[in-house]
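If you read the sequences in order, they're chains A and B.
Letter by letter, the first sequence follows residues 1 to 310 in our numbering.
Letter by letter, the second sequence follows residues 1001 to 1114 in our numbering.
These aren't lab readings, by the way, just hints derived from the structure by calculation.
Hints may be right or wrong, so weigh each one.
Said to hold, decoys possible - Below 20 Å or equal to it, Euclidean Cα-Cα: the simulated EDC-like pairs (lysine to aspartate or glutamate) are:
1. A:Lys69 to A:Asp36
2. B:Lys1101 to A:Glu226
3. A:Lys30 to A:Glu77
4. B:Lys1093 to A:Glu77
5. B:Lys1101 to A:Glu246
6. B:Lys1101 to A:Glu125
7. B:Lys1101 to A:Glu127
8. B:Lys1093 to A:Glu126
9. B:Lys1114 to B:Glu1049
10. B:Lys1054 to B:Glu1044
11. A:Lys79 to B:Glu1045
12. B:Lys1101 to A:Asp189
13. B:Lys1007 to B:Glu1021
14. A:Lys79 to B:Glu1044
15. A:Lys79 to B:Glu1049
16. B:Lys1054 to B:Glu1014
17. B:Lys1093 to A:Glu127
18. B:Lys1105 to B:Glu1010
19. B:Lys1105 to A:Glu127
20. A:Lys79 to B:Glu1047
21. A:Lys231 to A:Glu246
22. B:Lys1105 to A:Asp100
23. B:Lys1105 to A:Asp36
24. A:Lys167 to B:Asp1071
25. B:Lys1105 to A:Asp271
26. B:Lys1090 to B:Asp1071
27. B:Lys1101 to A:Glu126
28. A:Lys167 to A:Glu148
29. B:Lys1090 to B:Asp1109
As the list claims (entries may be wrong) - Some chain B residues flagged as far from chain A (calculated, every beta-carbon gap over 12 Å):
30. Glu1010
31. Ala1012
32. Lys1016
33. Gly1020
34. Glu1023
35. Met1035
36. His1052
37. His1066
38. Asp1071
39. Lys1087
40. Gly1089
Even for Gly, the Cβ is constructed at its ideal location relative to N, Cα and C.
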Amino acid sequence: MSTTIFDTIVIGAGPAGLTAGIYLARSKVKTLILSDGMAGGQIILTHEIANYPGIEKISGYQLAAVMKKQALNFGCELKTNVRIASLDLQSTPKTVVLADGTSYTTRTVILAPGGRPRMLNIPGEEEFKGRGVSYCATCDGDFFTSKEIVVVGGGNSAIEESISLTKYASKVTVVHQFDYFQAFPYIVDEAKQNSKIHFVLNSTLSSIYGKDTVEGVIIRNLKTGEEKPCKTDGVFIFIGYLPNTEFLKGHVAMNHAGEILVDKNMQTNIDGVYAAGDCIEKRYRQITTAVGEATIAALAIIERIHQNHL
Amino acid sequence: MLYTNLKHIETANELKKIIGENENVMVCCGRMGPMCVPVYAAMEELEPEYPHVKFYDMEFDNPEAHIIRNDPACRGFMGLPFTMYYKNGKVVKATSSIQTKEQIKAILDSEFAK
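Given these sequences and hints, build the entire structure.
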């Protein structure tokens, strides 16, 4: 078993983790980023980003590649596709042990494990995944050319993807649990003006049925409890994200949703342990907010190290 | 172009050659999308654990990928990626859409047991 000591270990290599790596390594803070997948996080899955300041349009994959290159060029170490077996965040120094037995010690930690799409968890969802149930309009939209589909959700992703899916589908029915939308009003207005999009509000799906592929859904009205079948060829689900914090339960304070609680410096309830990005408790989840939070966490760590408050 | 660390298959003939020369082959046919990338990542992680299995990807929009898109095992598939498992040149399992590392591992263990 080998042991290496770092000033900071960043867990997660999405925009938050890579930003922290850039700031820390540039300030000569010995930094290691650990990621259970490829570097980039959820942004590598985004077809096009048009609201990142200073860049008119860029694919998520390209933006992540530049962030990764910046971090590495400043001297940050990066290990991808690694699994964390155990953590000791309370001690000084702190310890991170990987599944392969490699052990690292570090003075500080930034938690930036990101999030993942939430599932409906209803009968038929897993059975018809890839046979009519989808979570990605960009990936699977063209399989539904001239077909009727149901979209579940009322946030920006759901409404934007509903509009996008009208390029393929003959009819898009948006099923949403409230009588209002969380999506930005201008996106909702665009959807309402699209003749292919129809809305079923105060409702959710209770099941998805079919034989080889999806043939229909059961829609339940959340106010009356009434259930009605609705024939459809596909179901696209966009109902938000879950934080990837299961492995941190018992280590840091979280809210009921598993989101990590932080102070104004992005520090958790444990001294020297910070968090940033989609894993923390907050209202808005954007690349820019993740980058901002990681910047704050990194600067706080740099200040600690320079003041020898470790 | 698929930006993965897996070996890429570019042509239908290349795929035929690979499955003809190797007993156990897994091929993920997709794009760089949210349902596909996690499968590539899982394959990259699993590759060292399964030295008796060859791991490849193939771009779904490559016209040569018709060999997978039109495979009878993919009938009814409506979600990327199409993931194929070949044993002795024959399809023994095919899945549509995202699969977790655990789901892939279960298929590898059942279809490609040593």
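Which of the listed hints are broken here?
-> 2, 4, 12, 18, 21, 24, 25, 35
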